[in-house]
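Number of protein chains: 2
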Amino acid sequence: MRSQLCFRCSILCVFPVDSASTVSGLMSIFHEQELTETVHDTNGHGYLATFVGKNGRVAILRVHSHGLVTIDLQCYEEDNIAQLDNLLNALEKKLKVLLNGNITRIKKLPAIVRGANVDRYWPTADGRLIEYDIDRVVYEEDSAYQNIKILHSQQYGNILVLDGDVNLAESDFAYTQAITGNGKENYAGKEVLILGGGDGGILAELVKQKPKMITMVEISFMGSVIDGCKMYMRKTCGNILDNLKGDCYQIFIEDCVPLLKKYVQEGRTFDYVINDLTAIPISTAPEEDSTWEFLRLILDLSIQVLHPSGKYFTQGNSANLTEALSLYEDQLEKLSCPVGFCKEVVCVPSYLEQWVFYTAWKK
Amino acid sequence: MRSQLCFRCSILCVFPVDSASTVSGLMSIFHEQELTETVHDTNGHGYLATFVGKNGRVAILRVHSHGLVTIDLQCYEEDNIAQLDNLLNALEKKLKVLLNGNITRIKKLPAIVRGANVDRYWPTADGRLIEYDIDRVVYEEDSAYQNIKILHSQQYGNILVLDGDVNLAESDFAYTQAITGNGKENYAGKEVLILGGGDGGILAELVKQKPKMITMVEISFMGSVIDGCKMYMRKTCGNILDNLKGDCYQIFIEDCVPLLKKYVQEGRTFDYVINDLTAIPISTAPEEDSTWEFLRLILDLSIQVLHPSGKYFTQGNSANLTEALSLYEDQLEKLSCPVGFCKEVVCVPSYLEQWVFYTAWKK
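Protein sequences appear in the order of chains F and S. Counting in the UniProt record's numbering, the first sequence runs from 1 upward without gaps. Counting in the UniProt record's numbering, the second sequence runs from 1 upward without gaps.
The following block holds chain F by itself, in its conformation from the complex:
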């Protein structure tokens, strides 16, 4: 499979550019590299020409009337990249001369690669374009609930990606630390409930502290998060997922809602409830969205099974999603059982954005 590279370069000028003289000055450079132009009518929106050359090369030149020149260059991966670099450099050099140095900014962006076997682009929760150093797909399955990928990154180790969202990498002990209280809690002899947590990071960390019992509830097993992580995220989970039961832990493979309801009915409580199910929804219509409804249900049940002196830990979302975070805080204030809460902003290495974590307790 040949993938396509797309280089792009933009030049911002201090004044409107005279298209005619700029374009004629650049034309010879395109021709030298055997690119043939088609000039398009833009109905008064500046100059636009497309150039087609050998090996499937395509360039798009736009001289926008307000002083912006953009060049897009597409080629195949196996093309002569040095030659295309030369083309961009020659265009840049010529533009500097043509515009008499009246240039505010010249920017050449790294190529975007499309159609590659491995997808390196995983935007942040706040919608920014991010290229990861991912070099191979380690695991991929579609469970009944979600698409599960484990991707290898040179710097972050294996990264768990659920339905296209970066979930946890082997580098991300900071996540586990944040969602378990930053090392300030004492789990020895305590009853702990983990909702989700299929990557095993929280469980592996907390068993070291000799709790009385950790109950973890993860929805699926075969072809699931647990399945992938116990093979390929061992820097995160160690050997804790090899057995569903140990001295001080048990993993239930089931939906947590009926289990939580049963615990409520039995009057069972936990010293710590750690909700590692999902980030809070980005949608800002909590009254209509079923994800918000699910979140409220889990939250309400979790607080009901929380011991009066217990703590509830959960992730929030990107620190930039202030509206979604504030809606979540509204939910916290509407619970049948009143809670207090605090939050902190944490840097989880593979997220490439600051992340908010919450602690809640019964008032």
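In short, the hints are calculated from the structure, not lab data. There's no promise every hint is true.
If several chains are the same, the list does not tell them apart, and a pair holds so long as it fits within one copy or across any two.
[Stated by the list, open to error] Here are the computed lysine-lysine pairs in the BS3-like style, where the Cα-Cα straight-line distance is at most 30 Å:
id : residue 1 : residue 2
1  : K184      : K107
2  : K245      : K184
3  : K363      : K107
4  : K212      : K235
5  : K343      : K184
6  : K334      : K245
For chain F, the structure is supplied; the task is to place chain S on it using the hints.
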């Protein structure tokens, strides 16, 4: 100034695509949105058409012969983005039908913005495309030595960018901590030399520990890093840069090389030398490159002024630049005075890549 948005979408298929039927199926969607096509001859490299519409809209459709369909859509910032979203969605929906669901991957990337007042694209040291959440330029100066920018990010606070490289943000206490020994050192009563460090982060942190004297050498003052940081990076430097001299510190505004040479001549030593001048060069030709020569000179002089039981701290570079890091380690082994060293990988929030820090000592 109108900036240009460029959306792109790619569809990877499980088998070669029949251009003719695919293209004819998509044409009506482009026509509905009043885009007029020009079909180009690609000399056997698949189908290529450019579409020009109202408001300066341009779309490029390529059906590559090996099973990749790419669509690039350019528009102006003030255009009707919802309408263009509809166009992309309609194309995606139609392609799913035309290709009978034989699709490996559909990817729509966030738009790249060109020509905006604030540049949000600052690639990592290992050359990956990264979009920051930068919303305004706080400070910009060209000193005699470099271009200095301070840019505001919602999540990282103000970010110092030197010659286009992200240097330090107000969120990056992890950097200061790593380059001062991760809180494991005791600076009380010690002699400390800081080379560079103009953002004041290291100085502000170490004065708290009551050292005997911190000598900091920064090359320029007016229109410089110090100047910008003391105004706009106060979460990093506090008020420490307001005065060049305090109870236990002094800042010299001069080139550190003659000063280091003078200290060598006088036989003066320091318990800690912290080199915060620059990351190690990415160039992998250390014998030819003047940056490497500068690095070796500073390293050699620094080790000479290091007390026999002292420690030398410095940053390396991106953890992914293994070749450059290994060349740096070669330099460490070639010094006139033999040194031991260790390194660690640290997550500095605003870097969006893992960073290597070194500690060296006299053998």
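query: Which of the listed hints are not met by the structure?
result: Hint check: 1, 3 and 6 fail, others pass.
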